[in-house]
Each structure stands twice: as structure tokens, then as C-alpha cells.
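Student: We have chain Z already, so just place chain R on it with the hints.
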Amino acid sequence: MQNHFQTLLEQAKEEIEAGDSPAQLEALRVKYLGKKGALSQGLSQMGKLPHEERKKIGAVANQVKAAVEALLERAMQRAEEAALKASLKGPKLDISLPGRLCRQGHRHPVSQTMDDIVDIFVGMGFEVADGPEVELGWYNFEALNFLENHPARDMQDSFYVSPEGFGENAPPMVLRTHTSPVQIRAMQASPPPLRAIMPGRVYRRDFDITHTPMFHQVEGLFVDTHVSMADLKGTLNAFVRAFFGESVKTRFRASYFPFTEPSAEVDIGCVICQGTGCRVCKMSGWLEILGAGMVHPNVFSASGYNPQEVTGFAFGMGIERTAMLRYGLGDLRALFENDVRFLAQF
Amino acid sequence: MKVSLKWLSDYVHVPAELKAEALAERLTLAGLEVEGLSHTGAGLEAVVVAQVVSVEKHPNAEKLSVVKVDCGEGGPLQIVCGARNFKSGDKVPLAKEGAKLPNGMHISRAVVRGVESFGMLCSAKELGLSEDAEGLLLLEEALKVGEPLAKALELDDVVLEVNITPDRPDALSHLGIARDISALLSLPLQLPEAPCATPPQASASHPSGFGIEIAAKERCLRYAACLVEGLTVAPSPQWMRRRLAACGIRAINNLVDVTNYVLLEYGQPLHAFDVDKLPAKRMVVRLAREGEVLTTLDEKARVLSAEDLLICDGERPLALAGVMGGKDSEVSAQTRKVLLECAVFSPVHTRKTAKRHGLQTESSHRFERGVDISQVHMALKRAAKLLAQLGGGEIAGDIFEVYPEEKPQRVLPWRASKFRQVVGHEVEEAEAARILSALGFQKQGEGAYEVPSSRSDILHEEDLIAEVARIMGYAHIPSLPPRMLRPAQLPEALFWERKIRQLLCGMGLSEVLNYSFAQPSHVALLGEKAPVILQNPMSEEMSVLRTSLFPGLLHNIGRAKRHQAESAALFEVGRSYFPRAHSGGSGAPPALERHEVAGALWGLRTGKRTWTAAEESYGFFDMKGMVESLLKALKVEGVRFEPLEEAAYHPRASASVWAGEERIGSLGEVHPRVAKHMDVPSNVFLFQLELEKLKLCASKQPRKCALSEHPSVLRDLAVVLPRACSHERVVELMYKTGAPLLEEVQLFDIYLGKPIAETHKSFAFALRYSDPNRTLADGEVNEVHERIVEEISTVLGGKRRI
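Residue numbers (the numbering used here), protein chains in the order written: chain Z, 1 to 346; chain R, 1 to 802.
Careful: at least some of the hints might be erroneous.
[Claimed, not checked] Under the rule of at most 25 Å between Cα atoms (straight-line distance), these lysine to any residue pairs were calculated in the SDA-like manner: (1) R/19 <-> Z/273; (2) Z/249 <-> R/163; (3) R/418 <-> Z/96; (4) R/693 <-> Z/307; (5) Z/249 <-> R/473; (6) R/6 <-> Z/201; (7) Z/249 <-> R/478; (8) R/693 <-> Z/284; (9) R/561 <-> R/592; (10) R/608 <-> Z/96; (11) R/695 <-> Z/201; (12) R/499 <-> Z/96.
[As the list claims (entries may be wrong)] So these bits of chain Z aren't anywhere near chain R, every CB distance computed over 12 Å: (13) 23; (14) 30; (15) 37; (16) 91; (17) 124; (18) 162; (19) 246; (20) 254.
It is worth saying that the hints were derived from the structure and are not from the lab. In this text, a Cβ means the ideal position worked out from N, Cα and C, and glycines have one as well.
So here's chain Z without its partners, still in its complex pose (with noise of 0.2 Å):
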């Protein structure tokens, strides 16, 4: 009996060592270690053997199983160890074949450049404020100080709204020129303190190379008990330099808006020729940006705040010029072809 389990030892140390892949090794383990192998059908045998010699031959048993199941664990390594190197060699990948793409969509330039200034603002505070495209007569023009057959009114051309579908009370109706009615009804819709930035499409009768029909402004409003130019130059000046960088100088100069007293346009230094002198600046150095201003005492009243009791500025901005300044690019109206090869760009 003894012998006998020595024998298999022998005869599975012969195989194992030839063994030199996984299966043939699996193979081996379930000859010798398996429910019906080898090594379980000779101790099966025991029972018949009186209980020394059975105590004996079982220590053998088992001394003889660790050293098969050692034998086939190194034998298992080195076999795996093999099989993983020989599939290393092989065939490679061409690796230059184009990958499986994602198809990706674009942001529009315009939204892109809107939501950012958008978040430079929201940034310092502002909150985001929304109001009609199709607008009443009133606000968009006279709670802005525009008065009727003033020349002011020529500065921006309107698209009026016909009555039709608005029943028996139409008022007068325009697309808005601006996102300046936004700041009344924001005024409107909540006491002061007030800081609000008012995104939106506006719309004016034009149509060339710089002009499109649509586009959109960017308002901005702040009014407290003691809001003053300065905070106004402070506030522009952080947003041109969040924006447009660090190093671009700004230069607020005098102008008129009928909202806004005393009234400024704000330039910066030419992003295009860093200041020397290009077509795009008009040889100035400068490009207009933005139209700003303290908010007319006026305007206060049509909104119901008290002009004795608060100041505030304002500011708009053309999105679509911002973008292009950014971007580099020439034609205004390229941004509203949606050309699928434009899109792509960016």
C-alpha cells in the first residue's frame, strides 16, 4: 500500500514535470487529486486495513497529496508564465488604424461668449435676470428717457409689432433694441439694493457686414444708496481684465445715452495689434466695447425707485463683437449661417 502511494508520486512527478500547458496540467490534477483520482481511489481502499496500518498509510496518503499538489502549483506557474509570454509575441495592432470617435458636438460661439461673461459677473455678485423680446412701446423707449420724435430715437432703428392677434388693448409693441428694458422691470420686481446682469436677444433694422437684423446684449445693473463711476470704472475693469486678460488697458471716455447720466463708452486696447494700430481698430488702437453710465434719475422714477435716495450704473455690451474680438473672426454674419464647417470650429 505504501509503495503504492509512492509509485503514483513518482509516475505524477514524471507527467507534471512534462506537462507545459494549463490544460494539460488540469488534466494531471484531476488524474491524481480529483474526487475519482488516483490518489482518492487508493485511500479508498484503506477501510479494508486494520486501523495502524490505516493511521500509517493515511499519513502517507497525505504527505504524498501536498507533494502532488506542490508539483502541479509550481508546474501551473511555470506553465502560465508561458502561455503569457508566448501571447505577448505575436501579430502587433496597427496601432495608426483611426480610433473609434465620439461624435462631439460644438458650443455656438455666441453662447459660449455669453455664458462666460455671464460668469464673470455672477462672479462679482450679479445676479441673472431675464425679460420679454417682444416688448412694450413704454419700455423699451420712454422708462428708458427716450422720448418721443427725439433724435435719441434714431440711434437705434426698431422693428415695430403689429396689433394683430393682441386683441382689443394692443399696446405699442417693439422687438426690443436693447436688453435695457430688462433693468426697469428688474427695478420693478424688486427693491433696492439691486445687482443684476441681463443676457438676451435684441433686435434692430440693419443688415450688412457689421450689422445683423438679431443679436445679443449683455445689461448689467447696480444700484445702492452709494454706487458711484468709480465702482462702475472698478467693475468693468475687473471683468475686461477676467476677460480679455490681465495686461488689456481700458479708457472710459464721455458719450450719451438717454438712460444714463453721466454716460460713458468704454474702450480697450486693441486685442488685434496690442495697441499700434490695425484695420480692425481703425488704426486707433482702441475698440469700442461697451456703452455704460449712472442710471438716469428719470429711469429711477419710471421704475419706482427713488432717485434721491439711490444711485446706480449700468452697462451693455454686444455679444456678437465680443466673439468676434475673441475669436478672430471677420464677418459678423457668418455666426447666424450655422454653416456646419464654422460650427466645427470651436
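Tutor: Same frame as chain Z, now just chain R:
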């Protein structure tokens, strides 16, 4: 407005060391934006005054002459010339060899048809002085031969193109701009001399029998006139012609030129009538009668309305007040005696008349904005004196006028504290006083200023503050760092809008921005409600507002196809507009503006043909899948789809999209009729979702569920069903029957064809069973699974496919 610096120097002496460019910048910063600056003498450096010595015919050319000119140095120069409007002894401009003219032409020695030419005799156009290209520019006799032309003609000038904002009618004149310069540079202002004594109270009539009557006092605020007689009509002197030319006004004769000159000097429009054409001798200012006709100076017969204001001789109309003179009373070469009109008309009415007749003139431009009523006498005297001087005549008697109501000047408060509050900077009291006084404001005791009548724009204390601030310069205002009130957050609507943009970009759709305008036929095609109509559209194609984002997207797809794209996947976030009944007097937004997101898919799913994927085009289930994925990412609950019939979509492949009981949008294949009409391929798929509704059902919270530690049991099940049985019905039944152990059902195959009957189809599902608290036994799963098969059989008439 064009401004001559030479002319300005009559009133304010700008030190020579301040270059024109620097002055232009100062003006720009103070609100008089200089948009252009040109050196008028530029390009004339090698052009001199020459005198014609002899003119002979060119031996070889019919139309050319050979001219010898004296140019002050050396012997006579021989020039070949094509012009014929001169003779021996005339003085003409000569561009010498090496000259580079303003139009870019280089002058060099040349041989013209065999005759040598040593320069060029020039026309006014070639010198950039006017548009006149007819013959040579003939110079005045008095000019010195050999003198540089620029110097001889006072051309060493700089012309500024100043953009005058509508609030500054006072700056539509050289004097007005000079006043700003004097305030900016602390220089004295010199007014032009205009001696001519007038009694303090002018009479309404002239001794010669002329009288003035104003029948529309709210329209004509002041009307003054004076007579100048013994005139000879002639060209104006060179200096005046040149100044007018620099400002872009063509010289005509001394009569007309003087009125234009004073217009540019004072900003006061004037009109000269030929007295011989005023038989009634009654200058009547009255409203026109409806349908009355007046032929204006531009030779157009204008039919007037009862709103137009006329200047009449008795009954007979002479001029459209404040806008343009009439042809009948125009001055001519025979005019000997004129009546000079100097009036002020109401801004609003002048504007209405100018708009009604589509006539924008230098005169109406100024009256619309407001002319200084206090300077009427000064301007009139100035014009009369110039006219008498240049026309060799004399002023007959005093000014006569009607000035119905002289209004007192406005007085406004001035507080340094208010200045500090608004501007955020201190101004010294003395400096503020200096600035205001230089601008013509008169101090009225402590803390108050009287506004000059030229500044109709100054109505509030803030306007005074703005004047001081702009002259002081905004550069002096400090820049305070932004102050925080409270941290701001994006509003919900914008948050979701951005999220949706981001998600759709991630799914391969590119964002477009289309015009909000639409074509009425497209609105009708999509069967939408009546649109918002524009009264003055750019074109018929843009004459209403869109009622859907689809026409824009389809247009974009059409464009992509025309440019040989193989595919396009686009979306837009924007509004649709609908009219709605308005309750009078309310400030509510008048139109219904629906915030939407819409998208369109067309062509190859991968964008381009690739080796990694089969060549498949976008289909209905790509569109539906995108909408499902989008809604899932927004954590919208209870999403379902219902069959739909709407004009935009193919009736066999479209669906409405629901979140619970709310319809939030729709999707489907484009209707073939729409595709044809809009010239796009028929396999375009569209979707549309309403943002306001989406905002309400989207969630920022995670969808929470317990993660079971116990393994689930997976079973596949293929069933054969009647074709008409929808997927939704089967799955619903499976969940109902399989609850609570059936966790998930996923369709993974559809099979049609043999051996399955043509009336039937096969669906293959993967089912996942689980219990969060224990490991399921095979037996209980089998039991549920078999029950499902039974239910499918009894309820839907399906059977297990083996």
C-alpha cells in the same frame, strides 16, 4: 460733422505744441468723438502756383495741348495737358516731378505722344480738393507764382470728423466745439465780431414795408430777418470756399455760401430770399393746407400735410420751414437785394416734417436737435455783415423780428456732495466753477447755475455733474474694486438650459443660433397658430416671428447638405413667439414667449463613414434615444411617449413626450411635405422640448436606490407576439406579473421572418430577478418566470419561442 482746425483757431488759440492728434483725443475723451482726422495739405507738397505763359496745340494729338508755365524758378516748364478751360496768363496748380498726389498718383517726367512733359497741371479732383474734375483748378490772380499751393490756399489744415451725439446740438458748429476746447484747455474763447447796433426790442416790420407774421406760434419760436441790398452775386473768396469745402459743403456763390458759413460757424440755419420775388412783403409763418404743393430747391414738388409749416410771402408758400427753401424764391445770379431769414422752429415738428418728406438737411438736422434761440441776432448780424462785405452791398436798416415768448433760462442746483456721490471723486469748487463758466453756465448765487440757451440737453442736476465730469476727464475717476452684496447663483432656468446644452453637445449635437424671424409660409406649413407679425420687416422671409425652432434647423440641414456634408446633428435653445390678448395698461410681457430646445438629426450616425462602424443613418430610435437619455440625465420621472399626428412630423413615425401628466415636447421624422417644401432630405429627425416644463420636472437630486449585496438571477425570454402588440404593452405586463422580484426587463432582439408567421413578430428580452434581502432560489424564479409566459399568452396571445 467736419471741423476745420484752422477755422477753430479764429475762436480759440490752441498752442502749436498740442498736435492735432492729441487735441482729437482730448475731444474724444470729453464726448466729442473724433472718428477721422485728415491733413488737407497732405499730398500737395510738390504742387505750386504756376502761371500759363503759352498754350499751343499738340502736334500729334487732337485733344492735347502743349503748355509752357512759369513756376517761379528756372525757365518756363513744358507740360502736356488735356484740359482746355484756361488761357495764357491764368494761374493754375502745377504738380512738379516727384509729386505724389492725394489720389496716389506719382508725377514724373514723361513723353506724351512724342512731346516731353515735366509735370502735370491739376484739376481740383486730382488735388483732392473737391469732386470737380472738369478742367484745371483756376487759381486767384493774387496768388504768388512759385508758392506752394497748400500755403497759398491755406490748405495746411487738419479736418476732424466729429461724431456729435444727439444731445449736443450746440456742438454742431465751430463755435460750439471751440467752446468745449476752451473749457478743456483753459483757453479764452474769442467770439466773431458782429457789429451792427440793434434796438433792444426789435420791431416786427421794416421801414421799407416788410413785415413778419407768425400764425403758428408753437411751431415757430422766433423769426428774425434783415435786408441787404446792392449786392453783386459772385464766387466767394478762396478762404471761404476752402473752409466750406473742408467741411464738405460745395461753394455756390457769395449769397448761398454766407448762409452756409454762418450755419457752420454758429449752428444757426439761415435762408436768403430774393426780395424781388417777395411782392407781398409779408413774411407769414403758417401751417400748410392739406394737399398744398411746394416745389423745393431740389426741384421736387412736395404735397404738404396740414402738419407742415410754411414760410410764405403773403399767401404764397416760399419754403418748407426749417427744412428746405422753395424753388420760386431762390436767389439767382440776378439777385440784388435779399431778405435774410434767421429763425428757430420747434424741434419735434421739424423732425416730423423732415421724416414725412424723407428730407434730412443740415438745417432740419439742427432744428430737430434744438438751435440756440438766444444767438439769433448774433448769427443774423454776422451773416448780414459778411454778405454786405462779400457782395459789395449794404445792410438796409435794422433787424426786424417776431419773438412770441421769451422763456426764462433754467437754473439748476450744483452740489459738490452730489458730484462726489455720483462720480465717486472730488472736484475742487474753483475747478467746477471754471469749467461751468467756460461752458457758458452762469453762476446764480451759491450752489446754482443758469443753463445757457444753447444747452437744451441740460435738464437735471446730473447733467451739470456730467458736464464737469467730462471736462475734468473720466481718467481722473478712481477705479474701486467690485463690492460684494451677496454671492449670486445662476437662476434655475439658466442652470437647466446650460445643462441641456452640455448634454446635447456630449451626444454629438452642435449648437446653432438662428434668427427669431420666420417666413409666413413656413409657419402655415407647420400648422402653427398665428404668429407675431412685424410692421416693418427686413423682407417677406423675415416678416413674422418664429412659432417653432424647426424651420431654422431644417434650413441649417439644407445648407449642410448643399455643402456636401454626410450628416448633421444640430440643436438650438431659444424662444418661439405667439401673440395673446393684452389687458390694457398692464406691464406684463405682451407676447407668449416659449422657451424651447429643439434638435435635428440627419445622415450618417457617425458623422462620416468609418471602418469601425456599419454605415448607418440616423433613424427614429436615435432621436428617441437621445431624448430618453437627455431626460434620464435630467432625472425626469414618469417619461412616456404617445403616438402623435402633427403637421411637422411624419404621421407614422412621431410621438409626443410626456413627463407624468404633462406633455413636455414631441419628436419624430420630418413630414415629407415639409421636407419637400423646405428643400431638405426626407430622413431628418426632429425633437422639441419646452424648457419651462422641463425645468419643473428635472431634478438635481440623485435617484436613490438600495444596492443589493445578493446576486440577481438572469433569464432570457423570447416570445412570439401579434405584430400590432406594442413593446410597451408587453413590458408593462411583465413588470406587473413579475413584481416584486422582477427588477428589470430589457429588449435585446426583434425578429421578423421565417419561421415566424407574417402576422407575428418575435421579441427577445433579458430579465433580471432580485430581492434586496436575500439570494433567490431557482424554484421561485422559475415560478414567476412561467407565470409571465402564461400571462403573455392569455392576455396578449403570445407564446414562448423555443
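Student: Please go over all the hints and tell whether each is borne out by the structure.
Tutor: Checked hints:
With a C-alpha separation of about 23 Å, the suggested pairing of residue 19 of chain R with residue 273 of chain Z holds against the 25 Å cut-off. Between the alpha carbons of residue 249 of chain Z and residue 163 of chain R the distance comes to roughly 23 Å, so the proposed pair stays at or under 25 Å and holds. For the suggested pair residue 418 of chain R and residue 96 of chain Z, the alpha carbons sit about 72 Å apart, so the restraint of at most 25 Å is broken. Distance restraint check for residue 693 of chain R and residue 307 of chain Z: the Cα-Cα separation of roughly 39 Å exceeds the 25 Å cut-off, and the hinted pair is therefore not satisfied.
For the suggested pair residue 249 of chain Z and residue 473 of chain R, the alpha carbons sit about 17 Å apart, so the restraint of at most 25 Å is met. Using a Cα cut-off of 25 Å, the hinted pair residue 6 of chain R and residue 201 of chain Z is violated, with the two alpha carbons roughly 46 Å apart. Distance restraint check for residue 249 of chain Z and residue 478 of chain R: the Cα-Cα separation of roughly 15 Å lies within the 25 Å cut-off, and the hinted pair is therefore satisfied. Simply put, residue 693 of chain R and residue 284 of chain Z have alpha-carbon atoms about 50 Å apart, too far for the 25 Å limit, and the pair is violated.
Taken as a hint, the residue 561 of chain R and residue 592 of chain R pair is broken in the structure, with Cα atoms around 34 Å apart against an allowance of 25 Å. Pair hint residue 608 of chain R plus residue 96 of chain Z holds up; C-alpha atoms about 18 Å apart against a cutoff of 25 Å. For the hint pairing residue 695 of chain R with residue 201 of chain Z, the CA-to-CA distance comes to about 21 Å; that is within 25 Å, so the pair holds. The hinted pair formed by residue 499 of chain R and residue 96 of chain Z fails the criterion: a straight-line CA distance of about 36 Å is larger than 25 Å.
Look at residue 23 of chain Z: its CB is around 29 Å from the nearest CB on chain R, clear of 12 Å, so calling it non-interface holds up. No Cβ of chain R comes within 12 Å of the Cβ of residue 30 of chain Z; the nearest lies about 27 Å off, and the non-interface call holds. With a least beta-carbon separation of about 30 Å from chain R, residue 37 of chain Z lies farther than 12 Å from that chain, consistent with its non-interface assignment. The claim that residue 91 of chain Z lies off the interface holds: its Cβ sits roughly 18 Å from the closest Cβ of chain R, which is beyond the 12 Å cut-off.
Look at residue 124 of chain Z: its CB is around 5 Å from the nearest CB on chain R, not clear of 12 Å, so calling it non-interface is violated. Residue 162 of chain Z, annotated as away from the interface, has a beta carbon of chain R within 12 Å; the closest lies near 4 Å. Listed as a non-interface residue, residue 246 of chain Z keeps its Cβ farther than 12 Å from every Cβ of chain R; the least gap is roughly 14 Å. For residue 254 of chain Z, the condition that its CB be more than 12 Å from all CB atoms of chain R is violated, with the nearest at approximately 3 Å.
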